[in-house]
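Take these sequences, add in the hints, and give me the full structure.
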Amino acid sequence: MYLATMPNVENPTEKSLAALAINDPPAIEELFANEKARFDKQLAAKNPDEVNFNLMKNAWLGRKAGVLTLITENWLKPAPPSLKPAVGQSLNQLKRHIEESLEAFRVAAEKASQEGATSRDRVDLSLPGVLRPVGSHHLIRQVFQEIEDIFFSIGFSVVEGPEIETPYYNFEALNIPEFHPVRDDMDTFYIDLPKGASTPLLLRTHTSPMQIRTMEKQKPPVRVIVPGKVYRRDNPDATHSFAFHQIEGLAVDTDITFCDFTGTIEYFVKQFFGPSVKTRFRPSYFPFTEPSVEFDVSCPFCGGTGSSNGATCSKCKGAAWIELFGAGMVDPAVYGFVNYDARKVSGFAFGIGIDRLAMLKYGIDDIQVFFQNDVRFLRQFP
Amino acid sequence: MKVVYNWLKDFVDVTASPDELASRLALSGTNIGGVENGPHGAVIEAEVSSNRPDCLSHYGIAREVGAIYKLPLKHVSPKPAESTAKASDAVKVEIQSPDLCGRFTARVIRGVKIQPSPKWLKDKLEASGVASISNVVDVSNYVMLELGHPLHTYDYDNVRDHKIVVRRAKQNEKIRTLDGIERQVDSNICMITDGDGSSAVGIGGIMGGAETEISFSTKNVLIECAWFEPVAVRRAARFLKLHTEASTRFGRGADPEMAELASHRAAELILQLAGGELLSGVVDVYPGKRGPKKIRVTRAEILRVMGADVPDKEVEASLSALGFAPIRIDQNRGAEGSLLAAWECAQPSWRAEVEREIDLIEEIARIYGLDKFPPRLPAARQGAARLPHYEAETRLRDRLIGLGYREILTIPHVAEDRDALFRPEGVAPARLSNPLSEEANVLRSNGLVTMAAALEWNLNHGQRNARLFEIGRHYHLKGNTSVETRVLTIGTTGEAREKGLYDAAREFSFADLKGDLDSIGALAGALEWRDGGPDWLHATKRGQVLLGPNAIGAAGQLARRVADKFKFRQDVFLAELELDPLCSAIRIVKDARHYEPLPRFPAVERDFSLLLADGTHFSGVTKIVRALGIAEITSIEATDFFRGKNVPAGKYSLLVRITFQSREATLTDAQISDYSGKIIAALERNLGAQLRAQ
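Heads up: the sequence lines are chains A and B, in that order.
So in the working numbering, the last spot in the first sequence is 382, and the numbers never skip.
So in the working numbering, the last spot in the second sequence is 694, and the numbers never skip.
Hints are supplied without guarantee of correctness; some may be wrong.
Stated by the list, open to error - Result set (SDA-like, lysine to any residue): computed pairs, CA atoms no more than 20 Å apart in a straight line:
1) A:Lys-278 - B:Leu-523
2) A:Lys-317 - B:Gly-33
3) B:Lys-119 - B:His-40
4) B:Lys-241 - B:Arg-183
5) B:Lys-478 - A:Pro-167
6) A:Lys-344 - B:Ala-300
7) B:Lys-499 - A:Leu-131
8) A:Lys-344 - A:Asp-255
9) A:Lys-344 - B:Ala-342
10) B:Lys-541 - B:Arg-530
11) A:Lys-195 - B:Lys-241
12) B:Lys-590 - B:Glu-344
13) A:Lys-317 - A:Tyr-335
14) A:Lys-217 - B:Ala-385
15) A:Lys-229 - B:Thr-394
16) B:Lys-122 - B:Asp-10
17) A:Lys-270 - B:Glu-632
18) B:Lys-2 - B:Ala-16
19) A:Lys-229 - B:His-40
20) A:Lys-344 - B:Thr-298
21) B:Lys-219 - B:Arg-183
22) A:Lys-219 - B:Gly-369
I should point out that these hints are in silico values taken from the structure, not numbers from a laboratory.
Right under this line is the structure:
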């Protein structure tokens, strides 16, 4: 096995061309052909494996004492100028042959080693890897983000406001004076203030107070959405929580019309539920919008047919439509509270209930799961 | 409001099926709860919005149906026979509080026979969900459901002096109402009294009194059909916690003009069902009569608000059907579709809420059909902005999630005693004056109380490993104003690493919490830690967290005392940081990022195994090493730590790894030895450290 590197009288690469009495190109070719044959014979005699590969590589291509180095040192360098080109050319050919043969040998060695590996060494792909703990966004946060992104993409800025509000912002400036019947539908939590407090404080019943706060601060054009928590004094059950989440929207400009309003809402809902969802607007009543509407989508679960698998659709109860949220054109009376000229500007507002939307989209039947924070629930929406 | 389909046919010749009708009503603004087929035909549940008291009657709904289907409305014109005796001789009415009662009409029928109602009347009431009592009482309910105007009938003989006095209630005045309950009223409430006005026979617009109730022995009937001021009625109903069919209708605004017609219609029906003699005429005191009101609507405004046109004939048909009597008044009258078109409309007495042009536009649009206005997406005029801390908060959230934390959301309503466990001294909590329960009577003054509750929920549901965070607010009062502070709250319990194929399990420790906080702190530069912290944390496993010079929170293991309150049987770790300073720092640090050229020369590490006295901190070591001013020191790390075996009591062993690197040249062994010598000498001198081995 040391054949190629051991000093050997038989080994012509130890000697110079002169000492070998080679002095014409045919003789040089023959000399190289012998070396090539010697290499091929050695390689053919070896099992393709990593050890043999390294042995052969070292013996033939080794920098210090490899055959090619010897040839370079003993044949090429001392050769007379007339023979140098022939020696150089043959040397390059031999080098290329050795490199290619060794690469093929290496590939064969690798393949053989893998094929030959015992099943003991092989990984069991059905076993788990090392799992590092990964966290998750809360589902409500994800829905907020999705809706924010949709409205952001059509030019709505995001603003936030206080959850503890004054009756002025929560009701009066929204055209809901005291004893207005609508107040009966929004049972309100009040903060217990020290005696003598001039302004009562309450927990906002909707994100709409930010309509007023935004318009107080900013002249048109206004285009904002307001994500946040809101509170109503309802006894908790599967569909009611006394805290829940809303996104308010408000757009006011000199040229916003009802068509812009419905177009914006339709754009949103098709982005959120998919392009095949149908929409409709039903006239409704809110003190701070006029005309006011309730916005419905075709039930995404039964495709708006009212039945699935021959039975009444459990999500829309056969109605084929699902009421999503209330909205409308901003009532001119509201502009009076923020010093906007109702004859020059117009706009629309909407308030989307996030919890309900998430429940609809993901088939959640109990609003309380959002607030229990059971890790088995949190894990379901990575 | 239950709308009996067949009853509608008294007023409009509707041919559409009940389901189709319900759907059309829904699309023109009457919300529909459902359609049911009962023994008396289809009943449509109409959820009438509070601005449409006129639709709380079959006549009012029929008007909507007429507008939708362009069918004429059949008017009601009662023609009861009247006797020669005059009503005005039989009853006197005086209104002393015209601000509360705008109209009071009285009719008198003598010699009635009170008896059960006939089947047709019982059926209609039953279909409407109203119990039948007797013919006269049933008539008043029937007329209310038919025409929308509440009436009240008195036993005429029990009305003292046959005189009605309507006045404001006296302080502490009491009345026993029809339902037998004695109620105390306040001076904003309108009372119906009799005789000299000293004693009450009813609460105006809400409920009659027990004393003058119709009974089976009643012979003579006084019919009241009045109009009460809506805000006063709503206020009174809320004060009395007494909401009736009458208070709903008066409270939303009944039609004052309808009062006389409804009374006439009731008289007609009573004569028909109970016999008797109707005294001629009506006693009608009407101080609140409203003048005619004109409202103008223009095509220009329709286009400006709605963004698409409505043909002239549609504008006129819908407004006419709803009673607004539109008249074209512009110069281009007769020119169909003129952009200058303007109509002058009269406000009908049953639509007091329609006062402005926008109100008329809504009427036109809802009858014409909202689907006829083509949706379009408006062009954006300006760039949109995210919340100020959006990017910082996103970076923070993403890092926490990468570290294995799950985001939670909680309701801030908590029990006062629980909140107090974590409440900093001197903080005034925001208590609710009307909580739903004692378990939720205060808004959390910190995020920890709800975080602990989330861990509690998981432990109680068999989930012993939880790593949670919340980005939310806490609340407190400062005098009479509220303060809302944004906070990041972290809570963990159970295993930092669960047992797997390749690793053993490891419980979460203070070091895990500190490491996680430092990982997020790295986004904001770096957090500083200081001894101490609130007493809800374990006295030896806690720290204050600082950002620059300011404390922004605390972290550590939950104190046993507090853990016991939650019945935690395993260690719980909590942290709370103020969010705004954290996010500001994250933003600043992100903006300040820049490239540091990579070092060209190799780094050399040297380990120092130190024996230190308990109480000597790693920070003491780094401080002394840093004080030597060796510029080539690039890091000082603690790599091992132990007590016990071979370490004398009162001491501990700390392995410190110091890395040296120069930007100018490869450091020589001589240089490194020189630095090491200086470091050891300084540690020995200043900390009494002993070098164990190197």
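Mind listing which of the numbered hints don't hold for this structure, in increasing order? The structure conflicts with hints 1, 11, 12, 13, 17, 19, 21, 22, although it agrees with all the remaining ones.
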